[in-house]
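Peer 1: Based on these hints, arrange chains X, R and S on the given structure of chain P.
Protein chains: 4
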Amino acid sequence: MAGNTFGTLFKLTSFGESHGKGIGGIIEGVTPGLELDVDFIQNELNRRRPGQSKITTPRDEKDQVEFLSGVFDGKATGTPLAFIVWNKDQKSGDYDNLKEIYRPSHADYTYDVKYGIRDHRGGGRASARETIARVVAGAIAKLMLRQTGLDIKAFVSQVGEIGLSKEPDDLTMIEATPVRCPDPETAQKMIEYIDKIRQEKDSVGGVVSCVIKNVPIGLGDPVFDKLHAKLGQAMLSINAVKGFEYGMGFKASSMKGSQHNDEFFVKDGQIKAKTNRSGGIQGGISNGEDIYFNVAFKPVATILKEQRTVDKQGNETIMKARGRHDPCVVPRAVPIVEAMAAMVIADAWLLNKTYRNS
Amino acid sequence: MAGNTFGTLFKLTSFGESHGKGIGGIIEGVTPGLELDVDFIQNELNRRRPGQSKITTPRDEKDQVEFLSGVFDGKATGTPLAFIVWNKDQKSGDYDNLKEIYRPSHADYTYDVKYGIRDHRGGGRASARETIARVVAGAIAKLMLRQTGLDIKAFVSQVGEIGLSKEPDDLTMIEATPVRCPDPETAQKMIEYIDKIRQEKDSVGGVVSCVIKNVPIGLGDPVFDKLHAKLGQAMLSINAVKGFEYGMGFKASSMKGSQHNDEFFVKDGQIKAKTNRSGGIQGGISNGEDIYFNVAFKPVATILKEQRTVDKQGNETIMKARGRHDPCVVPRAVPIVEAMAAMVIADAWLLNKTYRNS
Amino acid sequence: MAGNTFGTLFKLTSFGESHGKGIGGIIEGVTPGLELDVDFIQNELNRRRPGQSKITTPRDEKDQVEFLSGVFDGKATGTPLAFIVWNKDQKSGDYDNLKEIYRPSHADYTYDVKYGIRDHRGGGRASARETIARVVAGAIAKLMLRQTGLDIKAFVSQVGEIGLSKEPDDLTMIEATPVRCPDPETAQKMIEYIDKIRQEKDSVGGVVSCVIKNVPIGLGDPVFDKLHAKLGQAMLSINAVKGFEYGMGFKASSMKGSQHNDEFFVKDGQIKAKTNRSGGIQGGISNGEDIYFNVAFKPVATILKEQRTVDKQGNETIMKARGRHDPCVVPRAVPIVEAMAAMVIADAWLLNKTYRNS
Amino acid sequence: MAGNTFGTLFKLTSFGESHGKGIGGIIEGVTPGLELDVDFIQNELNRRRPGQSKITTPRDEKDQVEFLSGVFDGKATGTPLAFIVWNKDQKSGDYDNLKEIYRPSHADYTYDVKYGIRDHRGGGRASARETIARVVAGAIAKLMLRQTGLDIKAFVSQVGEIGLSKEPDDLTMIEATPVRCPDPETAQKMIEYIDKIRQEKDSVGGVVSCVIKNVPIGLGDPVFDKLHAKLGQAMLSINAVKGFEYGMGFKASSMKGSQHNDEFFVKDGQIKAKTNRSGGIQGGISNGEDIYFNVAFKPVATILKEQRTVDKQGNETIMKARGRHDPCVVPRAVPIVEAMAAMVIADAWLLNKTYRNS
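Residue numbers (this note's numbering), protein chains in the order written: chain P, 1 to 358; chain X, 359 to 716; chain R, 717 to 1074; chain S, 1075 to 1432.
Bound-form chain P, shown alone (with noise of 0.2 Å):
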């Protein structure tokens, strides 16, 4: 299996399963003599742990990175960064009835195509645990950058057909509520909303939106590794993501050219530009404005209710999901997507160091 790795200096390659023996990956471009905040990086975990409230799913699984090398005294030496989060509390047994069987919506069918062969225990690599790795690295990342002032902040701004209606005043509210949205009253309807599709033993799918501001000027590569194209890249490989947009996204394509261009003036001698249509990215280079993207999150596939299916053996059958399963897992996906973006600013941020001409 190919696409483990993701970035070109800063570097994650991620390996586990579900139900193996731990989620863990391999972190290279960390800049040497980085001090490892270890609480830091413990609570980006920690945010994106089920069994953070009474909306997420109540498996307490206490996710605990474990360095294995690159650190010495506190600190990163640069080498790499090898980490493992031991897998606890997975009971396999509730997976006994899927072997044979092939989930809709799920890889369960893909994968044994494929490759012939698969880990059926929970989802085995194609399960959503495996964004544990990314959160570690994005943690890291975002130590990197810390020194650039760079401030990546998500949040839920959809749940359902529950959304913000304008942009949220205050960033500051995200975590104030266990759905992540910033806006009090309508992470109040989210929560009442999630808790009924739970009764219902349905899921639901939600929109998190993340803005990304004090970017440096000038990261991000034409023509292919446009930094947009990058991110989009990372937050749909994120499981259950089925969209990105930026800037104006979806809605530029109904706008004008002279409705959507940003025009340039000068402030206090700066080159700014009156509006940010663009998201922060010309010609997929930052140009010193905020970032801002929407990533689209489907329903998770596994419900409680009754679904057809068939098995391996081409027989149909009935299946119904056993144990602990978010019925919204859009509120946890907000540190990933954080993660993620910090991975591929961190990988543009070392690229860029590299057009220096001394």
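Don't read these hints as lab results, they were simulated from the structure. In this text, a Cβ means the ideal position worked out from N, Cα and C, and glycines have one as well. Incorrect hints may appear among the rest.
Mimicking PhoX-like on lysine-lysine, the simulated pairs with C-alpha atoms at most 25 Å apart in a straight line are [unchecked claim]:
(1) X:Lys379 <-> S:Lys1149
(2) P:Lys305 <-> X:Lys630
(3) X:Lys433 <-> S:Lys1162
(4) X:Lys446 <-> X:Lys379
(5) S:Lys1341 <-> R:Lys815
(6) S:Lys1240 <-> R:Lys967
(7) P:Lys272 <-> X:Lys663
(8) R:Lys967 <-> S:Lys1379
(9) R:Lys1069 <-> R:Lys988
(10) X:Lys457 <-> P:Lys267
Sample of chain P residues facing chain X (criterion: CB under 8 Å; computed from the structure) [claimed, not checked]:
(11) Met1
(12) Gly3
(13) His106
(14) Ala126
(15) Leu236
(16) Phe265
(17) Ala296
Label-pair restraints from in silico Cβ distances [as the list claims (entries may be wrong)]:
(18) X:Ile575 <-> R:Gly832: 49 to 57 Å
(19) P:Lys272 <-> R:Asp812: 52 to 60 Å
(20) P:Asp151 <-> S:Lys1427: 21 to 29 Å
(21) S:Arg1220 <-> X:Lys663: 46 to 54 Å
(22) P:Lys312 <-> R:Lys882: 54 to 62 Å
Peer 2: Relative to chain P, chains X, R and S alone:
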């Protein structure tokens, strides 16, 4: 400048600027012995060419591809297939007034900050003329994939606020109108609208949709190189693209799992999905159903209206583009979207061969 | 730090330091369904291990490999195969006196200048213990290649000035002596010589030769990835290697074309070469004849004699290594050379599948 | 065919066959703003060109480089620098008799087995004419590295059995004779010997040595991308190369640690090594001392004598090459060795910038 290569096994490395000697590239991974159907390749280029109709720019560039290597007796030898489309008919003079000016929502400013130097004539490397290289590589990819029976069809599904009201019935009608919308009635409305926009000296955005039929099962690689993630990067790397969604896309975010899941059944001994809301990909791997996706284009930034901007010296000024410019590039983007899709699929198809046990 | 990955399709990304938690890696490109013959893998590790005999260091590290992912029911699933060999028995204290000292002909100084920080315990990332990861990956590569009938055999052909006087007759005798020289008489001389060097508190270099039989025709890729160029990089990346030659090697430089060329003839309807001065590779591609090459190792830099050096503060000083050190690492390098060869071949073998027309 | 790209950040992707339209490539990673000293680049090509003197082939190919992109007003813009050297004066007819024949020790047979198709004219992609692309890219790399003061000098140290008896005193004498050996007396012997070989209708091998002075400390990346491992791959990828050694090379294998180690001392407050047996690299990273290495070339396979071989149909036959062929290519390999060294160093130099903390 990094980022000029797309693909891992089927690879395009592109070069060229809009007003330099030409646009070209090197294609690697071509199947040795492949018949190079030059007419087909040239026809793909013609589809991209400006000056095809009154709704596109009247520059008749007659882009002719010249192969520089990798061909012998009309067949690809498998060695690097280098090619160039020589630039002709460029009127660099049209751009002299832009030498010192940063055009709004163009890459002028970000290139200058990032690289400290820029070929300002007509967009240089950031020009959409760069997509010529993609169309040539995409045509080769299509030739390679012919043996699989795979069929890629893109079309215009929206121009400004005019969109298809339902899935098109007949994809053979795509090329029937210059706007490349398969519904004749909608196409006519689009044409009239684009004409109006031209008279307003403005531009307008749109959406290109794409359907891929007869996809072999098993293409694509989890985790980071999911087939849709590579498609997303591919599409987002095209000039003016602001968004990508596949399957239900952003609509999936307001759906429930019980509405979105594709249940399996058995038909003629084959496992099939009853519905295809997933868009032909599960867990990043093609499942044999149709792949479909949408690509959102912003209105092109170059408009013939006056706009306020600044020059390199930081003085505010007024600019007005000269020359010939498409008010809506979306119809010409159709072959580009197809080309990028073909490249992604060909790459995944080659990689998939490495999993065979013998 | 870049450079921790070897291979394109069959890939090892390694991590670890000699006195950190362990040495490990992630292997990608493993054939799904491959039986993981754990005894075989462990045996390869045992061949590399110190403490195998009186001529190697008495550290009995009992390096046991633990697989962290990619295995299910004893088979590789094709997903990333992560592993670790936990460090035990390290006496970091042995290195306390080296904290401030740059050991002659070690990587201490260059790491400090390059990265500004270094795990000084026992060589850190620059330790030969890093080769553990290579041996594990090489063992997996050998398992994958079993179906081809390919056979890789490395042996010691020279220790100091004691060398084989002719091609060895019987490669089954390699493991018969701890020095891994297949000629018993020469082996005995080498053993005595190494013992003498140990008593002198010195070290000595040597040459490892390798023969690969039953190589499929067609492996390797011109231009830059010629099979022997990748073998060369692979071997030169092993600690203490100073030279690589294949076929006639440096001797070819004093030969005439009429002496060196391998004429073709036909045997049983098969095209064969009468001689094999080329070493089994033409134009960077294997031709089915035996591949053979030599790898030159310098004497290990760590000796128990006094040496003059400088410390980090730039003061001249006298140092003397402590602890247990091999006077000649060349016998232990034999499985490492085989492992790297297996990785190069497995990578080329996977890549070669992509050229198939169907 | 894979393997046409060399380098990670400073990258050459090459194309072309000996009797196709030309040889060229795309260079990425060029410093934006670099003055393109066209005379220097052309002069490097002239050094590689056949027909420079009576000891090389009389084909006067006048290889002129044409840049296709990436240049504006005489400066590199940093965008991909594409170039071509058009083929002229090829006499394909000289090769008609070889169409059905596998020349001994050529790549004819392996290409045919691997790819099933081959441009048989003059070696096609396997021709040494491919090295033109390397020389152009190497010239650009040298221009980029000028600011570092780095100096790369290769020379012929051996032709057949005639070699330098000691390190050359004066590297300015390299270009003084057509054989590019800096010792005039040895050079004269080599010239006479090559002339004799020509009369015998035979060919002869040789050794190119290279010294790199003023190398910045810190270039190169452990573990797999050690500076000497990349140099090794680079050199071994040149046509006809059979071996590579650096520092003491194969001689190191018969030395003791106490003889080989380079002790440190302090000079003018700088840490220096008393000796440089290591060849300027420790742990894969440059240490500021001179890098030196040797590259062994076999005699070219094409000789004007009769040889026995087989044809594609498997019939034994007698062949005799026609046309103009160098009896000894080693003098012309000098600029190619320098070019590859420059590319390796430039790549490591760019990568090294990413470790800076600011």
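Peer 1: Where does the structure disagree with the numbered hints, that is, which hint numbers, in rising order?
Peer 2: Every hint satisfied by this model.
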